[in-house]
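Chemist: Whenever a hint applies, use it, and build me the whole structure from the sequences.
The primary structure of each chain is shown beneath.
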Amino acid sequence: MTDFLRLSNISKSFGGVQALKSVDFSIGKGEIHCLVGENGSGKSTLIKIISGNLQPDAGEIWIEDHIYKHLRSIDSINMGIQVIFQDFALFPNLSVAENIAYSQLVEKKEKILNWKEIETIARIAIDKIKVKLDLEEQVSNLSVANQQMVAICRALTSDLRFLILDEPTSALTKKEIDQLFLVVKDLQQKGISVMFVSHKLNEVLEIAEKITVIRDGQNVATLPREEITNERLIYLMTGKEITYSRYKKSINTEKKLLEVQNLSKKHNFKDVSFALHHGEIFGITGLLGSGRTELALALFGMDPADSGKILVEGKEIQIRSVKDAVQAGIGYVPENRLEQGLIMKKSVGENIVTVIIKRLLGKFNLIDSKKWETTVNHWVNELEIKVVNPEVPVQTLSGGNQQRVVIAKWLSVHPKILILDSPTVGIDIAAKSSIHKIIRDMADNGVGIIFISDEIPEVVNNCNRIAIMRNGRIFKQTDTTNVTEAEIQQLVEMSGAVSVPK
Amino acid sequence: MNKLFKQTEFYIALVIILLSVVITLFNPRFLTAENIFDLMKSFSVIGIMAVGVLFVLILGGSPDVSFTAIAQVVEYVVVIMTLKWGGNIILAFLVAAALGTLMGSFNGILVHYFRVPTVIITIATLNIYYGLLYVFSKGEVIFVVHPMFREFANIKIGNFVNENNVTYGFTLMPLIWIFVLVLGWYILKYTSIGRNIYAVGGNEVAAERVGINVFRTRLFAFSFIGLLSGIAAIVHAAIVQSAIPNIIVGQELNVIAAVFLGGASVFGGSGSIIGTFLGIMLFAIMNNGLTLLKISTYWFNVFVGAVIVISITISAIQKIRQEKGRVKVHIDEEKAVEKV
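Here the protein sequences line up with chains A and B, keeping their order.
Per my numbering, residue 7 is the first one in the first sequence, and the count goes up by one each step.
Per my numbering, residue 2 is the first one in the second sequence, and the count goes up by one each step.
These are calculated hints, taken from the structure and not from any lab test.
Predicted model, so just to flag it, every value in this text is computed and none were measured.
Every residue gets a Cβ at the ideal spot worked out from N, C-alpha and C, and that includes glycine.
It is possible that some hints are incorrect.
To be verified - Not everything, but these chain B residues come out facing chain A in the computed CB check (under 10 Å):
(1) Ala200
(2) Gly202
(3) Ala208
(4) Gly270
Modeler: Following this line, the structure appears as structure tokens:
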């Protein structure tokens with residue numbers, strides 16, 4: 007296979023920080039290549055160099071037979087390279103057709119529009135990948151998966167040779183991911199090279215022909231699919247041997263800490279029943295759209311359930327609002343910590359004490375700064391949050407440390423029950439295992455934990471029991487002592503199928 | 002058909018029809034050609050400016066509030082210039098348009114380079130433009146304008162006689178409004194600059210990435226509202242036949258409210274000419290109706306406030322719905338629970 011693009015000895019530094027160190031990389035025509043690496047490993051820098059948005063300090067870029075010392079963004083586009091970023095860069099207020107055709111229209115510099123032409127451009131692009139899209143529909147009404155298809159169609163309106171997809175599967179359901187993979191394989195048939203930039207390892211292994219791992223700005227390995235296993239990939243990405251240890255702890259199941267009976271909410275979940283005990287880690291897994299997050303929001307009172315019973319320590323309670331949930335001793339670490347869990351511009355300390363501010367009042371109902379300081383320092387030390395001092399804004403912290411701040415915020419309340427929704431999303435593998443340790447420590451202290459995640463190894467290895475959700479219902483509950491990751495994985499994927507397995 | 006019911010325009014049209022029926026029942030004078038012509042004439046000034054307001058709201062959802070000050074300055078300056086040097090009405094329009102464009106583009110440049118919400122910058126420029134007008138005019142009212150304005154105002158298309166033997170006709174002022182509506186509609190629907198305004202309003206980052214010149218787009222929208230304010234100024238001078246330094250300023254919020262009512266969103270990226278027209282017409286009919294029904298026009302202020310609350314609530318609800326609707330849970334109706 008001849009190379010479409012080849013980078014040799016590419017280096018790039020930003021103000022003394024070496025983002026890329028003599029990286030070699032190549033992709034063949036019609037090849038599906040995955041680029042993996044932890045946050046800050048240099049993946050995005052590499053993409054930006056290929057797309058011409060950044061100029062390397064040293065090294066050569068070959069596209070087919072042309073060599074570029076300075077690849078400009080326009081050169082990259084002219085050579086048929088297109089990047090689809092996580093946000094898709096679509097116009098939510100415009101129609102599918104217009105979104106697809108827009109870059110073509112801008113390129114043509116026509117002052118007066120021809121709506122027939124817009125439709126034709128869009129239709130041709132859609133036909134290329136055989137997806138069903140309503141040209142007239144406004145993009146904001148589409149599912150994330152269809153929005154992604156619109157973005158791919160837009161890339162196809164030019165003479166596409168090399169498509170780069172940045173974290174393309176992060177918001178897709180299993181079925182949608184399969185559809186995306188079909189489209190990608192179809193592009194491959196047309197001789198188009200595709201690069202996936204992803205951190206979801208099982209998906210990487212499913213689609214890629216070759217995998218390049220980047221760590222600390224260096225290409226640590228480029229290997230064909232056959233030579234790679236999950237463990238090896240983790241080792242290459244982190245440089246450490248990280249093995250998940252099984253969480254084994256017998257718990258006292260005599261008294262139920264939380265009991266949920268036939269909880270239902272229209273269009274969200276139905277007949278959900280489970281129990282949680284003191285010191286137990288109860289995993290809930292399922293695909294996007296299975297109702298897992300909706301269930302968590304209902305338990306925390308943000309989107310209360312319509313019917314069903316919730317009992318805390320044997321007493322039935324009503325959860326109609328967040329206040330009710332907090333009074334019942336429930337804490338919640340949301341899926342999206344950036345939007346829902348933290349006030350990014352405020353300091354670490356301020357974020358930690360937001361929920362318990364009333365407990366810090368001293369004389370005249372003013373905040374007692376001594377109490378404030380001891381509380382903040384206690385949690386910073388307890389969760390090993392790496393900050394020079396707690397006065398710095400949360401946004402300056404790494405993902406793993408930010409997550410610790412959210413957890414600290416809820417631990418400071420001393421909850422009986424803590425719901426964690428995808429607590430390790432977007433966190434480095436090394437930081438992940440330390441979050442897992444924090445979760446286990448909490449359970450050791452008697453807190454009942456509901457651990458929601460779509461990463462199977464994570465739930466299997468950290469939970470006492472797991473519930474698998476699908477289509478709004480709990481489809482199976484099982485003890486983790488005798489199950490394997492593969493079994494659960496299979497159950498989850500099966501749960502993506504439409505028919506009900508007997 | 003289904004689409005029709007989802008659109009704001011449909012509901013405003015419905016309200017207009019209902020309101021018209023009610024008013025006519027109480028006072029049949031409402032639904033006469035004379036009253037409608039009159040209504041359109043007196044609302045042509047804010048109607049013209051509303052088209053400009055729409056452009057800026059599509060661009061970013063934050064309203065330009067300085068357009069009345071622009072119109073005010075242009076009106077005063079052009080009235081004085083024509084008194085001094087004469088000229089003709091076409092020239093007056095051209096000078097007014099140029100002056101308005103200049104002031105509007107100044108707003109556009111400030112908004113683009115300072116990255117401050119339009120409403121904040123234009124509160125500032127409203128004060129600058131209006132303040133300068135007062136400094137130089139000392140608040141003096143010009144009671145006698147050049148006769149060209151009267152001549153222009155008296156041109157009528159068609160001559161009709163009402164039951165009291167008073168002649169009336171369709172004047173050029175509402176015709177200019179209609180022309181501006183058609184022009185605005187054409188720009189928004191069929192020109193690249195018009196679509197770029199929607200695109201920037203929908204997602205500015207994406208607009209930059211597909212190669213849209215965001216600065217040029219923004220400059221256009223702000224120049225356009227300036228230009229229309231200039232034209233509105235001459236129409237206004239023709240109607241009132243005087244130049245009073247504080248007569249247009251103060252109406253900006255009503256105009257903005259009408260455009261929001263017509264479907265523009267505080268988040269930007271949406272709004273239509275037909276909606277804007279209907280929004281202004283609803284305001285006009287409401288205002289006129291209160292007079293005809295002999296209800297205190299102070300109620301009009303209450304109406305304007307309510308309209309703003311309602312239209313902003315609608316766009317907020319739509320946005321929440323869109324965000325919630327992203328991932329759907331399809332609930333199994335069949336039971337499939339298995340326990341170990």
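Chemist: Hint by hint, note whether the structure agrees.
Modeler: Here's how the hints hold up against the structure:
1. Evaluation of the Ala200/B hint against chain A yields a held restraint, the C-beta minimum of about 5 Å falling below 10 Å.
2. The interface hint given for Gly202/B holds, since its Cβ lies 7 Å from the closest Cβ of chain A, which is under the 10 Å cut-off.
3. For Ala208/B, the interface hint holds, the least distance from its beta-carbon to any beta-carbon of chain A being 7 Å, beneath 10 Å.
4. Checking Gly270/B against chain A by beta carbon gives a least distance of about 4 Å; that is within 10 Å, so the hint holds.
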